[in-house]
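S.K.: Protein sequences appear in the order of chains P and Z.
Numbering follows full-length UniProt numbering, in which position 27 of the first sequence is assigned residue number 27; successive positions increment by one, without gaps.
Numbering follows full-length UniProt numbering, in which position 78 of the second sequence is assigned residue number 78; successive positions increment by one, without gaps.
Since the hints were derived computationally from the structure, they do not count as laboratory data.
Please note that the accuracy of each hint is not assured.
Said to hold, decoys possible - No farther apart than 30 Å at their CA atoms in a straight line, the calculated lysine-lysine pairs in the DSBU-like style are these:
#1 137(P) with 150(P)
#2 20(Z) with 77(P)
#3 32(Z) with 183(P)
#4 150(P) with 20(Z)
To be verified - Per label pair, the in silico range of CB-to-CB distance:
#5 156(Z) with 178(P): 49 to 55 Å
#6 91(Z) with 87(P): 22 to 28 Å
#7 52(P) with 140(Z): 37 to 43 Å
#8 186(Z) with 178(P): 15 to 21 Å
#9 90(P) with 52(Z): 38 to 44 Å
#10 59(Z) with 158(P): 43 to 49 Å
Cβ coordinates follow ideal geometry from the N, Cα and C atoms, glycine included.
One-letter residues, chain by chain:
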Amino acid sequence: MFIWSDTFNTNIELVDLQHKNLFQLLNKLSLNIKQDNISYEDVNNSIKLLIHYTENHLRDEELLMMESRIDKRHLTKHRMEHNSFLYDVGLFSDITSSDDRRITRKATNLVRFITYWLIFHILGTDMLMSAQLTNIKAGMSPQQAFDMLKDHKIDPATVNLMLDAIINLWLDAKERCNQMEIKVTELQKTIESLQSKQEPSTINQSEDSALEMDWFIK
Amino acid sequence: MLLWSGSFETKIDFVDRHHKEIFQLLNNLINKMQQGNISHEDIDSAVHLLIHHTKNNFHNEELLMLESHVDQRHSAMHHMEHQSFIYDIDNFSEISGSYDRRITGKVDKLVRFMTFWLTYHTLGTDKLMAAQIANIKSGMTPQQAYDSLKDQKQDPVTVKMIQDSLLNLWLESKERCAQLEKKCGEFEKNIEELKVELQIMTFTHHN
Numbered sequence: 001m002f003i004w005s006d007t008f009n010t011n012i013e014l015v016d017l018q019h020k021n022l023f024q025l026l027n028k029l030s031l032n033i034k035q036d037n038i039s040y041e042d043v044n045n046s047i048k049l050l051i052h053y054t055e056n057h058l059r060d061e062e063l064l065m066m067e068s069r070i071d072k073r074h075l076t077k078h079r080m081e082h083n084s085f086l087y088d089v090g091l092f093s094d095i096t097s098s099d100d101r102r103i104t105r106k107a108t109n110l111v112r113f114i115t116y117w118l119i120f121h122i123l124g125t126d127m128l129m130s131a132q133l134t135n136i137k138a139g140m141s142p143q144q145a146f147d148m149l150k151d152h153k154i155d156p157a158t159v160n161l162m163l164d165a166i167i168n169l170w171l172d173a174k175e176r177c178n179q180m181e182i183k184v185t186e187l188q189k190t191i192e193s194l195q196s197k198q199e200p201s202t203i204n205q206s207e208d209s210a211l212e213m214d215w216f217i218k
Numbered sequence: 001m002l003l004w005s006g007s008f009e010t011k012i013d014f015v016d017r018h019h020k021e022i023f024q025l026l027n028n029l030i031n032k033m034q035q036g037n038i039s040h041e042d043i044d045s046a047v048h049l050l051i052h053h054t055k056n057n058f059h060n061e062e063l064l065m066l067e068s069h070v071d072q073r074h075s076a077m078h079h080m081e082h083q084s085f086i087y088d089i090d091n092f093s094e095i096s097g098s099y100d101r102r103i104t105g106k107v108d109k110l111v112r113f114m115t116f117w118l119t120y121h122t123l124g125t126d127k128l129m130a131a132q133i134a135n136i137k138s139g140m141t142p143q144q145a146y147d148s149l150k151d152q153k154q155d156p157v158t159v160k161m162i163q164d165s166l167l168n169l170w171l172e173s174k175e176r177c178a179q180l181e182k183k184c185g186e187f188e189k190n191i192e193e194l195k196v197e198l199q200i201m202t203f204t205h206h207n
């Protein structure tokens with residue numbers, strides 16, 4: 001469950017509103033998942049809505065940055081973070097095509113991922129964007145506004161929230177790696193057993209020749 | 001290459017000395033890897049030495065925390081980070097067992113992992129430990145020393161370094177996930193093909 005606090009305010013009305021809505025969607029989805037009698041369609045719809053809304057929000061932010069003529073150095077990096085996020089979310093997209101009970105676990109993973117990513121992204125990158133937009137509005141050139149960021153201090157509570165979010169993203173990815181590794185080993189075993197079934201004739205032959213040898217020795 | 005700088009200093013003599021040694025061993029390994037005609041044994045022993053020294057350093061740090069009566073909230077978390085590192089590093093241990101050309105790629109991953117992890121852990125967790133020990137020495141209770149850290153401001157350059165290391169650790173894990181997923185896909189396809197072949201075999205056998 002994510003609880004909104006002022007720490008997350010960028011002081012850009014549109015952006016804050018969308019962030020709040022996103023967290024609300026995330027919270028609603030994680031509540032939905034916890035209910036036992038939730039239908040597959042409900043979870044599926046909530047996920048689609050969430051992803052759709054997130055994509056929209058990222059696009060709005062990029063538009064805002066372009067309109068405000070934010071420095072290219074920031075825009076490029078900010079866009080790259082958005083794209084990398086969308087790529088990762090796309091990897092979770094098999095959720096919608098898996099018509100089974102495991103959808104709950106997959107949706108939980110997706111909710112965790114989006115929540116941690118938003119915390120890290122809002123407190124880090126979005127705050128940097130907002131600081132620049134404020135300075136540009138106050139008359140600075142985009143270059144000046146960007147260069148000013150070097151001295152941009154963040155309070156320790158925010159730093160901790162942000163770093164914890166990245167640590168959780170990392171730990172979840174490691175956990176996923178471990179699960180995949182187990183799966184790879186299992187699949188490898190299946191392949192080996194299928195291959196041994198495929199060559200029964202060679203095994204029989206060697207058994208036959210062993211019997212012949214036995215007979216011969218006797 | 002992991003270069004030592006003042007920002008890594010914890011101001012605890014033996015901890016700093018150990019950290020410098022570990023950085024040096026890591027850089028030695030990187031140098032060895034860059035030389036083309038290095039033997040498998042050389043790399044293997046360099047990796048082992050590095051891991052051995054790192055584990056030794058953990059042991060000494062944990063002893064120091066016990067002796068200084070560092071608050072349990074910190075020492076428990078610190079211990080867990082060490083354990084988690086040892087677990088991860090043991091997953092890389094297949095390096096020493098793989099007598100093939102892919103060893104370069106594997107050691108490369110190990111080196112990257114250790115560089116990012118050491119940067120994050122030394123700048124973050126170890127410095128928190130050092131700050132508490134300094135406060136305890138100057139008369140604070142362990143609890144006070146722990147609580148006083150909550151408001152301690154970190155300079156933006158250090159925060160950026162910690163953040164970047166964590167992001168890199170995350171990216172490396174994601175990369176590994178992607179590779180494993182690809183492998184899974186290939187294996188699954190392979191299994192399907194084998195099953196079809198088996199069916200054809202039994203079919204022809206019965207006829």
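S.K.: Report the numbers of all earlier hints that the structure fails to satisfy, in ascending order.
M.R.: Numbers 2, 3, 5, 7 and 10 - these are the hints that the structure violates, sorted from lowest upward.
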